Every structure is written in structure tokens, then in C-alpha cells.
Amino acid sequence: MARIGVFVCHCGENIGRTVDCARVAEALRDLPGVVHSVDYKYMCSDPGQQMVKQAIAEKGLTGVVVAACSPHMHEKTFRRAASGAGLNPFLCEMANIREHCSWIHEDREMATAKAIDIARTLVEKVKRNRPLKTIQIPVTRRALVIGGGIAGIQAALDIADGGREVVLVEKEPSIGGHMSQLSETFPTLDCSQCILTPRMVEVYQHPRIRLYAYSEVESVQGYIGNFRVTIRRKARSVDEDKCNGCGACTQACPNRKVPSEFECGLGKRPAIYVPFPQAVPNLPTIDRSRCLLFLNRAKGRPDTCKKCAEACSKGAIDFDQQDRLVTEEVGAIVVATGYQVYSIGKETGRDDLHGYGEYGYGTLPDVIDGLQFERLASASGPTAGRILRPSDGKEPKRVVFLQCIGSRDPAKGMEYCSKICCMYVAKHTMLYKHKVHDGQATVFYMDIRAAGKGYDEFTRRAIEEEGARYIRGRVSRIWRDGEVLKVQGFDTLSGRPILMDADLVVLATAVRPQPGIEALAQKLNVSYDRHGFINEAHPKLRPVETSTAGVFVAGACQAPRDIPDSVAMASATASKVLGLFASEMLEREPTVAVVNDALCAGCFHCERVCPYGAVEHREVRNRAGQVVRVVAYVNPGVCQGCGTCQATCPSKSVELQGFTDDQVYQQIQALGL
Amino acid sequence: MSHPHGPETLVDRVHRQTGINIRRCYQCGKCSAGCPMAQETTIRPHDVMRMAAQDDLEGVRQADGLWYCLTCETCSVRCPNQCDPARVLDALREIVQEDHPEDAPRPLRAFHRSFLDQVRSHGRLFEMGLIMAFKTRGGPLFADVTTAPGMLSRGKLHLAPTRIRHLEEVRRIFEACGQRED
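Chains as they are written, first to last, in my numbering: chain A, 1 to 673; chain B, 1 to 182.
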């Protein structure tokens with residue numbers, strides 16, 4: 001027979017003002033099964049908790065209902081108190097008569113009646129509670145970091161410095177990401193490579209970081225603490241152990257006209273290449289789509305050119321190398337895949353993005369994007385740091401910068417602000433003025449969004465001291481007229497149309513997530529928005545966690561981010577990962593779904609509706625060891641206790657522990673509806 | 001702030017005359033919001049600041065607000081970024097006067113000249129002299145004539161000028177400013 005104790009809290013005036021707590025306690029005292037019912041000013045205080053403990057001990061309670069605030073607030077407090085008095089903590093329940101009652105009602109009579117009803121339903125529920133045990137899950141204390149840009153590098157270094165092993169996967173031949181392409185960084189104008197490359201080398205040399213460059217995540221299985229990740233190590237066609245990075249092969253390659261990805265197409269590279277001199281690892285890679293030997297092989301012709309292999313003194317070139325799959329066991333995953341910039345051309349990679357016909361669909365050679373300008377301004381770039389326009393190599397005297405290209409333009413497919421453009425455009429105008437003293441930089445902008453430490457001062461410096469001419473308004477059309485570009489816009493501040501000549505136009509194109517992010521997100525079972533940015537678990541309170549436990553997110557794959565933001569986020573994920581790795585076992589609430597093997601028909605409706613991928617197939621064998629049928633199994637490590645499977649199951653053979661059908665039906669019944 | 005390259009721009013010129021960097025202007029509009037003449041003009045202080053910051057002297061020349069400015073300096077007191085619009089407008093009037101003396105409205109020029117003549121001759125304002133000079137220079141001849149008896153009887157208008165002591169000091173100021181005699 002149930003022996004339930006009810007404890008009604010006044011929460012000072014919070015509940016007591018609108019709810020007659022003494023009457024609630026009195027009303028519940030008469031319910032069958034209730035042997036103890038009291039009210040008190042502050043139940044969560046030490047004397048309040050003592051009342052609970054004492055009642056459990058003296059009256060031999062089998063269940064406790066605390067009618068007070070939200071379980072989010074104090075469920076843990078009272079469960080700990082119950083546990084201290086020898087009662088299973090999951091036999092203690094909260095009836096929320098504060099957020100659900102006193103805070104939202106004014107009429108004292110009705111609020112009191114409602115509080116009684118709420119508490120009564122919980123009494124009926126707790127009568128049917130069963131003792132539960134917290135779930136213990138072993139944790140593999142190694143982390144996987146996907147993406148070797150500044151966010152991934154920071155996360156990997158922080159986790160490794162915290163004493164845990166890290167596997168860092170980068171799809172490009174070198175780590176460094178977009179930051180390695182930048183010339184100088186806002187708002188301090190310090191050299192990007194000078195601050196980044198030491199960090200890259202640190203990653204390479206760290207004893208606890210295993211770097212897989214030119215590799216991609218193939219598949220992910222498992223759950224928090226226990227992921228099994230298969231990584232595809234793409235064939236470089238170069239033996240990493242033999243190569244000493246001398247570069248003779250890249251010198252020997254006859255096909256030297258491949259547009260360089262690192263130079264954003266403004267420079268050329270050979271078919272066997274190292275993306276940039278400071279690459280980590282410093283290993284060449286054969287681009288099989290450009291190498292003559294592989295092009296011939298694809299056409300079934302014999303191998304002709306082997307100049308790179310002939311030039312290599314170490315015999316490191318391996319034309320027959322295959323992709324290799326390696327498997328790594330990790331306990332946590334950090335996604336840091338970064339961004340790409342919006343393509344203004346006709347090929348935008350997605351149907352809902354439209355490119356910019358009014359700016360020539362990317363066909364005007366002197367209309368470039370912000371990353372290309374970075375390469376022009378970079379001392380290590382294709383022009384050795386001189387600002388020269390692509391069409392004729394002349395120094396442009398009039399450069400027009402356009403902001404919000406793609407960003408804040410729902411007609412072109414995206415409505416969000418790319419956040420970094422206002423700052424880098426201001427930086428570009430300064431870099432330009434520092435290099436071309438008699439040049440005039442003009443910026444067309446909609447708003448200047450320079451929120452950040454020292455950011456507004458930076459944009460004001462561009463305007464006030466560096467002579468950048470800022471015009472508020474969007475450019476409607478750009479066309480070529482002989483050697484100059486005609487830029488037609490409108491100055492909304494003076495209310496006049498503008499038609500100006502430009503030698504070079506730089507478009508601050510929108511920040512978009514990397515291609516393939518959706519496929520990766522599906523492998524990791526994390527949600528993403530319609531643009532492909534990974535969703536965080538909570539926009540304010542859980543900004544680096546995702547919808548899947550054990551998977552974290554850092555940098556520009558979550559939203560447009562600048563370097564300081566990305567680094568801060570990466571360090572935050574590292575702290576989360578290290579916290580997760582603090583103990584060998586992971587403790588979880590036992591409010592997870594459990595399948596009744598005897599009833600399960602194996603229809604797997606539950607598997608289809610589970611948002612967390614927690615449902616697995618389990619074989620039921622007879623004594624002879626033969627498989628007789630396959631039933632559903634809910635992995636307690638993955639299950640988040642949402643109850644969707646329970647609601648879906650046609651045979652009612654899945655139950656969420658602590659929220660069984662019986663408990664919920666009895667709660668409803670108690671209302672007498 | 002001015003770069004040593006290229007010809008002197010309007011921004012540079014204002015800076016040379018006043019030490020103010022017009023590019024500081026945020027275009028927040030607070031100057032026009034407080035301007036007592038804003039209702040009377042089509043081009044307001046922030047418009048003038050905008051055009052000047054864009055080196056648009058032609059635009060500034062079209063600005064009626066430039067000449068209606070009372071120099072009450074409300075704009076300068078309220079400017080959040082120390083642009084001192086009143087001082088800038090003053091400088092712009094000087095620049096326009098220098099480059100295009102015919103730009104200023106005729107009565108305005110007449111009044112300006114007559115006013116300064118009075119100060120130069122007497123070291124202070126002689127109202128009757130100002131009125132006569134202004135009207136002979138082409139000011140509206142019979143406007144406001146009916147107010148004269150009232151002002152005379154209340155002692156606001158005097159028939160003979162009074163001079164200040166040390167008039168030569170005022171003259172020296174005029175000479176130092178390069179004020180032309182005409």
C-alpha cells in the first residue's frame with residue numbers, strides 16, 4: 001500500500017500570495033494513500049528539506065510529492081534529500097504550482113483549486129513510480145575534431161593540452177582553412193599567417209594530436225562517449241613516410257596551369273602541388289582530375305608523363321595509391337567545418353540561390369570577391385602583395401567595394417547578415433589606401449554593423465582617417481565600358497542617383513556553410529537550418545552543443561563568425577569535451593525508453609520517428625542460438641527521453657521510464673475529466 | 001587626415017580652415033533635428049555635411065540652408081561626434097563666397113556688407129545707418145517702414161551714431177582679416 005507524503009511550499013510570497021498553501025496541504029491529506037501532508041514557507045531551505053527527510057524516516061513514506069516550483073529548479077534538490085533519507089530518488093516528484101499556477105493567475109480561489117488539482121495528479125503518478133537507477137555509460141576519452149581551420153585547430157590544441165587525445169580530420173591537403181588565405185586581420189591589422197602558422201605547426205607536432213589531412217569522415221556510429229568513426233584517407237598519390245617535402249616533383253610537373261584553390265583562382269599551380277609554402281603537413285598531393293597520367297588512364301591510354309616520379313629522389317610518388325579507410329574510437333566530436341563564400345556566378349551550388357546577373361554573373365574579370373582581394377593584398381599572394389587588377393594587371397586607382405552581396409538579400413536566397421563583411425571591407429579599404437596612396441576606395445553599404453571590441457572605431461578610422469568614401473545604398477548594376485567598370489547606384493543619404501567609374505569592384509559575398517555540410521550533419525545526426533548552418537542546442541544557454549549528445553559545434557559552420565568568435569567557440573567546445581572526459585563513466589538520467597521484447601512486433605515505427613537515432617535492431621535467439629525474430633532496442637546512451645516512440649508504438653511495447661502510459665493515464669484520471 | 005597626394009579636396013579645405021574632419025559625420029541627423037531653420041529650408045545641415053564630406057561643392061552651392069543658417073550653434077552643441085556643423089557651414093559659406101561670390105543671395109550679400117561697414121565705421125552697430133545702407137544697396141526699399149515710428153519712440157533707433165573708444169583697434173581687426181574695402 002502506498003504511503004505518500006505531500007509537501008506544499010509557499011516559496012515566500014511567490015506561491016503563498018495567490019495560493020492558499022495550507023488549504024492545498026489539507027485537501028491532499030484526505031486523498032487515499034496520502035499519509036503525510038504539510039505546508040512550509042521555503043521547502044528548499046535546509047529546515048524544509050529536513051522536514052522531507054524526517055517524514056520519510058518516521059512515516060515510512062514510499063513516495064514524495066513536493067508542490068513547489070518547476071522541476072527544472074529544484075527537482076534535483078528534493079531527489080537528493082529523498083535519497084539522503086533512504087528513498088529511491090525517482091520516487092520523488094515535483095508538482096509545479098508556481099510557474100504553472102501562482103505566477104500566471106490572480107484569482108486566489110481558482111488558483112488554490114488548480115494547485116490542488118496539479119498536486120493531486122502527481123500523487124496518482126508517484127503511486128505508480130518505480131525505483132530507477134541512473135544509467136552509467138563508459139566514456140572513450142578521445143575526441144574527434146572535424147575541420148582544420150582556426151576553430152578546429154584551437155579546439156584540437158585545447159583538448160590535447162587538457163591531456164586528452166585528439167583526432168583532427170581536414171579534407172584539404174593542408175590545415176589552416178580560410179585564415180591562412182587572409183592578408184591582415186581586423187581590427188588590429190596583424191598578419192594572419194604570422195599568428196596562424198605557429199599554431200598549425202603546434203598541431204602537427206603535438207604528441208596527443210593525430211592529424212588526418214586530405215581526409216573526410218565517411219561514417220559515424222555510436223553515441224556520446226562511444227562513437228566509432230570511419231575516416232576516408234584520400235589518396236594523395238604520395239607516400240607520406242617517404243616524402244621529405246623537397247618540392248622537386250612540383251617543379252617537374254609540366255601541367256602548371258591549374259587554377260589554384262588557395263589563390264582563389266588568381267594564381268596557378270601544378271597538378272602535383274602543395275597548396276601554399278607553409279602548408280601543414282608539407283606534403284604534395286596529385287590532383288588526379290588534372291594530372292596527365294590520370295587523365296590518360298581515365299581514357300584507357302597508357303601512362304605517359306611520370307616527370308614527378310622521375311624527379312623524386314625518395315621514390316615517394318605512388319600512382320597506384322588507393323583511398324584508405326581507418327576507424328577511430330572517440331567519445332566526443334567537434335564539428336568545425338567552416339564556411340565558403342557565396343558564388344555570384346550562375347553556378348551557385350543550390351537551386352534557391354540565384355547569383356548576380358546584374359553584376360555580370362561573375363563574368364567581368366575585374367569584379368572579384370573579398371577572399372580574392374585578400375589574396376591580392378597578401379604579401380604571399382599571386383601579385384606579391386601589389387594590388388593589381390586581374391584583367392590587365394594595372395594598378396586600380398578607383399576601387400568600389402559592395403557590401404551585402406547575397407547577405408540580407410532574400411531574393412538571392414539568403415536573409416541573414418554575414419557579420420564579417422562590414423569589418424573586412426573597412427580593412428580592405430585601409431589595405432588598399434596603404435598600398436595605393438593616390439587611390440580612392442568607395443564603399444556601398446546598407447548598414448555598418450561593427451559590433452565588437454574596437455570594431456566601430458576601426459570602421460570609423462577607415463572613413464575618417466583613411467579617406468574611404470562610404471555611400472549608403474545598394475548598387476543596381478555593373479557593366480563594362482572599355483577599360484572601366486560602370487557602377488550604377490543610389491546614395492540614399494543625399495537622395496541622389498550615382499553613376500561612377502571603377503577600375504576594380506570587390507564584392508563582399510555572403511558567408512555560407514561548406515558544401516557537403518548537410519551530408520555530414522546527417523551522418524552525425526545533428527540538425528541544421530535551411531542554409532545548412534548547424535543548429536546549436538539552445539541559442540543562449542547551450543551555444544556550442546548540438547541536438548545530439550556528445551557532438552559539439554565551433555566556428556563558422558554554426559553561423560557566420562569572425563576569428564575571435566570562432567576561437568572563443570572552439571575553446572568553449574574544448575571545455576565541454578574535457579568536462580565530458582573528466583570521469584570514465586558518464587551518468588545519465590534513467591528517463592529513457594525501454595522496449596518490452598515480448599510484445600515488440602519489430603515494425604520499427606519507433607526507429608523512423610526517433611529524432612536521435614537511438615533505436616537499434618536486436619536479435620532474439622532461441623536456446624539453440626538461432627535468431628527467431630528481430631525487435632527494437634533503445635540505446636540508453638543515445639535516448640533523450642522525448643517519448644515519441646512511446647506515442648508511436650502500435651502495440652504499446654515501448655515505455656518511457658518514469659512516464660509510463662499507466663502513470664500518465666492515472667494523472668489524467670485524477671483530474672476527473 | 002589629408003593625404004599629401006592629389007589636389008586639395010573640399011574635405012581638406014574645410015579641415016585647413018577649421019581643423020574639423022567632416023568625414024566624422026555619422027549622418028545621424030541630430031543637427032537637422034534641432035535646427036530652428038529646418039522648416040524653412042530644403043537642404044538641411046546634415047545634407048550639407050553629407051555633400052561636403054563627399055567633396056560635392058556643386059551640391060553645397062545649391063544648398064539654400066547654407067544661407068539661412070542663423071549660426072545659433074544648436075547643431076554644434078548637440079553633434080555626437082564633434083563635427084561642429086555651425087563652424088563647417090561658416091567655412092563653406094566662406095569657400096563659396098571665395099570661389100563663387102555671386103552665389104550668395106543678393107539681399108543677403110547687401111545686408112552682410114552693410115552690417116560690416118557699420119562696424120568698421122563706428123566700432124559698433126548704428127541701426128539707422130545699417131537700414132539706410134542696406135536699402136540703398138538694393139534691400140527691399142519700403143518693407144518694414146511702418147515699424148520705424150514705434151522703434152524711434154521706444155528709443156530703439158537713434159538718428160546719430162555713437163562711436164566706441166579706440167576705434168582704430170577694430171580697424172586693425174578688419175585689416176588683419178583681409179576684409180576688402182568696396
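Honestly, I wouldn't trust all of these hints.
Said to hold, decoys possible - Short, incomplete list of chain B residues facing chain A, as computed with Cβ under 7 angstroms: (1) G6; (2) Q27; (3) K30; (4) R50; (5) R87; (6) S121.
Said to hold, decoys possible - Pulled a few chain B residues facing chain A out of the computed Cβ check, cut under 7 angstroms: (7) N21; (8) R23; (9) R120.
If you're looking for bench data, these hints aren't it; they were derived computationally from the structure.
Model, not experiment: these values are computed from the prediction.
Ideal placement from N, C-alpha and C gives every residue a C-beta, glycine not left out.
Each hint tested on the structure:
Satisfaction of the interface hint for G6 of chain B is found here, the shortest Cβ-Cβ separation to chain A being roughly 6 angstroms, below the 7 angstroms cut-off. A hinted interface residue such as Q27 of chain B counts as satisfied when its beta carbon comes closer than 7 angstroms to some beta carbon of chain A; here the least separation is about 5 angstroms, so the hint holds. Annotation: interface hint on K30 of chain B violated; nearest CB of chain A at approximately 14 angstroms, more than 7 angstroms. Residue-level restraint check for R50 of chain B holds (minimum Cβ-Cβ distance to chain A is 5 angstroms; threshold 7 angstroms).
Taking 7 angstroms as the C-beta cut-off, the interface hint given for R87 of chain B is violated, the closest approach to chain A being about 17 angstroms. Here the hint on S121 of chain B is broken, as its CB sits about 43 angstroms from the closest CB of chain A, past 7 angstroms. With a cut of 7 angstroms, the hint placing N21 of chain B at the interface with chain A holds, because the nearest CB-to-CB distance is about 6 angstroms. With a least beta-carbon distance of about 5 angstroms to chain A, the hint placing R23 of chain B at the interface is held under the 7 angstroms criterion.
Because the beta carbon of R120 of chain B sits about 39 angstroms from the nearest beta carbon in chain A, more than 7 angstroms, this interface hint is broken.
Hints 3, 5, 6 and 9 from the list above are not met by this structure, while the remaining hints are.
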